[in-house]
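Given chain A's structure and the hints, the job is docking chain B onto it.
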Amino acid sequence: MPPHEAPLREASTEDLRELALRHGLTVSGARPSLPAYARQIWSRRDFITAFATARLTAQYSQARLGQVWQVMTPLLNAAVYYLIFGVLMDAKEGVADYVPFLITGIFVWTFTSNTILAGTRAISGNLGLVRALHFPRASLPISLSLQQLQQLLLSLAALVMILLGLGEFPAWSWFLAVPALLCQALFNTGVALVLARLAARTPDISQLMPFVLRTWMYASGAMWSIQHLAASGRFPDGVVLALQCNPAAVYIDLMRFALIGSYTSAQLPPHVWALAAGWALLAFGGGFIWFWKAEETYGRG
Amino acid sequence: MADPQSTPAPAHPPTPTPTVVVDEVHVTYTVGGGSAGGRGAATAALSRMLRRGEKRPTGRRVHAVKGVSFVAYRGEAIGLIGSNGSGKSTLLKAIAGLQPVERGQVYTDGQPSLLGVNAALMNDLTGERNVILGGLAMGMSRTEVRERYDEIVDFSGINEKDDAISRPMGTYSSGMGARLRFSIAAAKSHDVLLIDEALSTGDARFRRRSQQRIDELRAAAGTVFLVSHSNSTITETCERALWLEAGTLRRDGPAKEVVAAYEEFTATGATTGAK
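Listed in order, the protein sequences are those of chains A and B.
At position 277 of the first sequence the residue is numbered 277 (our numbering), and the sequence of numbers has no breaks.
Just add 301 to wherever you are in the second sequence, counting from 1, and you've got our numbering.
Chain B extracted, bound-state conformation:
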């Protein structure tokens, strides 16, 4: 993780190799709460027990992703944009295999890794333990973890002010926690890395470093997906963008064009996008 300015985007090989194929994917999930059917209300719990045999009786169904198809290729960085609740995070979870798809299928090359903001690792253990255990859980060997340890800690930058790495991770600020998590996950080269808003919590310096790391991962023949509400992050990091709106794929193309169209959409508040 050296310092030189971001490497240029790798050129596509003559025949691009797909790493993620998303085939007409629909995702629906059930949310508890909101109505009287919520978890915790005694009457609801009773009625739930009585209706035990039925399939998933409580909550409302949310049709979050409605028939999205696209192909991602090796060496691409793809930004996902769209307003809140447009299904971006759900789509990433489906690609990572953490959310079952209702219809359609997601095919991936190897096991994609999803990096989200709210995924705390082990709060009661020190940052040091989290680095070691996280590395081992990702399938690195003990010696590999030992070799990468300093690199990971330096990259996260959480040790810059004090000896934060020896404190329990629960005492970290949300930005520090997110930085350490990103550093752990980025220590291994992934075939497909999915990043959900994880970079938005870091400061400017960390963002620059992580952008370099993303470029390195792409150069190592990986594919990176990035969800962000910062349009500039998308255009700086990605050359391709997908625009999701209300669960459908509105636009798929070069990041600058898609972001421009999205900005126009948010500025005018138009309900029918130009296609």
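In isolation and in its complexed conformation, chain A is listed as follows:
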């Protein structure tokens, strides 16, 4: 029945391309331009939020205590670190309000670390979805970052209870936590995008990440004070400043500054808000572009 089978057999390459272009066909699997890609992501915002919520609730669906673990996990983490660093190693020496200091540090760090770990699995852990349906792939790492942000908000609710229990009273400075969190969330998403691309190509990255993250955690002062390192004089000032300016330390310290009354701006590195915003924009912008550059390759093979 189709009248076109015979003539097309002899059609030359030029004719076929001409035919395709004349009818406005586009090359299959080509990567959209960056603005078009950003628009596609925006049009999938419903998917991004629904996916994040679905993941969040599915996380503990096998556990008996269910969603209670959302709050229990960070609290138990804080208890373990308090036992080791607060009691055994006595890192609380000279740190005012060590318990809030520690718990804030752990929760804020966990946000960054979990987002990055989720990023490494964003593509490789959802290959079924990536291969079955067409959607801008950056939705996945962005959605998983959003899931971690939701998780952090639950942890923060627990943190506020602890702070109130320890006699920290709500102050206007608590509102500073909002811009700090926004910057951190942007930064985390950017790094997650970078790692999603890396791990999609090289699965070994996800084996390596826990070690990188642990080193980063200890270097960022999540459970000890970088100031004390400076005071000890064992390291040159440049090293201490570099530690203080690393993004994880910046976000942890900003959060402590916002929430803990005895944590003063003297303990923050210079130009701390510029640093926080700079890291966020650099990571998110760079990560988004870097991820987009390989958009057409995800799920192949």
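In short, the hints are calculated from the structure, not lab data.
Nothing here was measured: the structure is a model prediction, and the numbers come from that model.
Careful: at least some of the hints might be erroneous.
No farther apart than 30 Å at their CA atoms in a straight line, the calculated lysine-lysine pairs in the DSS-like style are these [unchecked claim]:
1. Lys-293(A) x Lys-489(B)
2. Lys-367(B) x Lys-293(A)
3. Lys-557(B) x Lys-367(B)
4. Lys-462(B) x Lys-489(B)
Relative to the frame of chain A, chain B by itself:
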């Protein structure tokens, strides 16, 4: 998705509009494994790291599709037949843009959607979540998904015996999973829909329903490609067929003729097909 018997194939408009143009396409890919160069062997991994700078050092190259050209038009259902490993699935992936082409070019109208058997969606989430998230990922709005939800679940038929839709998708049988996936993907009208063996796992009733849906999609000015090892499915669903053998296009024409030639080829085991 009403019940009446399959609608007649839509008549071609006077000047057929192409939706897929496949232009002298060659596809090669690298497979790991098999030899000592496989992933996982420690020595191989080491040598791979040492040769990092070179381009794609491991594995064997498979030249799966060797210079295939054809044009598909709006409203056509095209069957792809050929023995195992003849490059059918690879060709579909190339059309969907999921597999890079080595030479040549694939032009399509809009974004083709590929429906395969082994593409599980999200195993740890319930069927219900999969329907909602799948719809949203395809670009439907929340209200659209809510409106189509019952239709999708009814179409898949997985809720007929028990409340399977509230169980995690990982607990489904392969047939149920394939049915739900097809139902989700078919809920949206696609310009080009590529179906890779996805219908062969369903039971007879589901096959009949999906055949109707394919006809509807075609009537909505789409083009459907169907890979199947069941010759009867091809002749019932498609009016045109492409026969691939060892990566080359052996024959392109009316489904009945091509299938007959293919059946003759498989029956005699001949190595040179009649052209």
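Status of the hints after comparison with the structure:
1. For the proposed pair Lys-293(A) and Lys-489(B), the alpha carbon gap of about 28 Å is at most 30 Å, so the pair holds.
2. Restraint check for Lys-367(B) and Lys-293(A): the C-alpha separation of about 28 Å stays at or below 30 Å, so the hint holds.
3. For the given pair, Lys-557(B) sits about 25 Å from Lys-367(B) by alpha-carbon distance, which is consistent with the 30 Å threshold.
4. A distance of roughly 26 Å separates the Cα atoms of Lys-462(B) and Lys-489(B); the hinted pair therefore holds under the 30 Å criterion.
No hint from the list above goes unmet by this structure.
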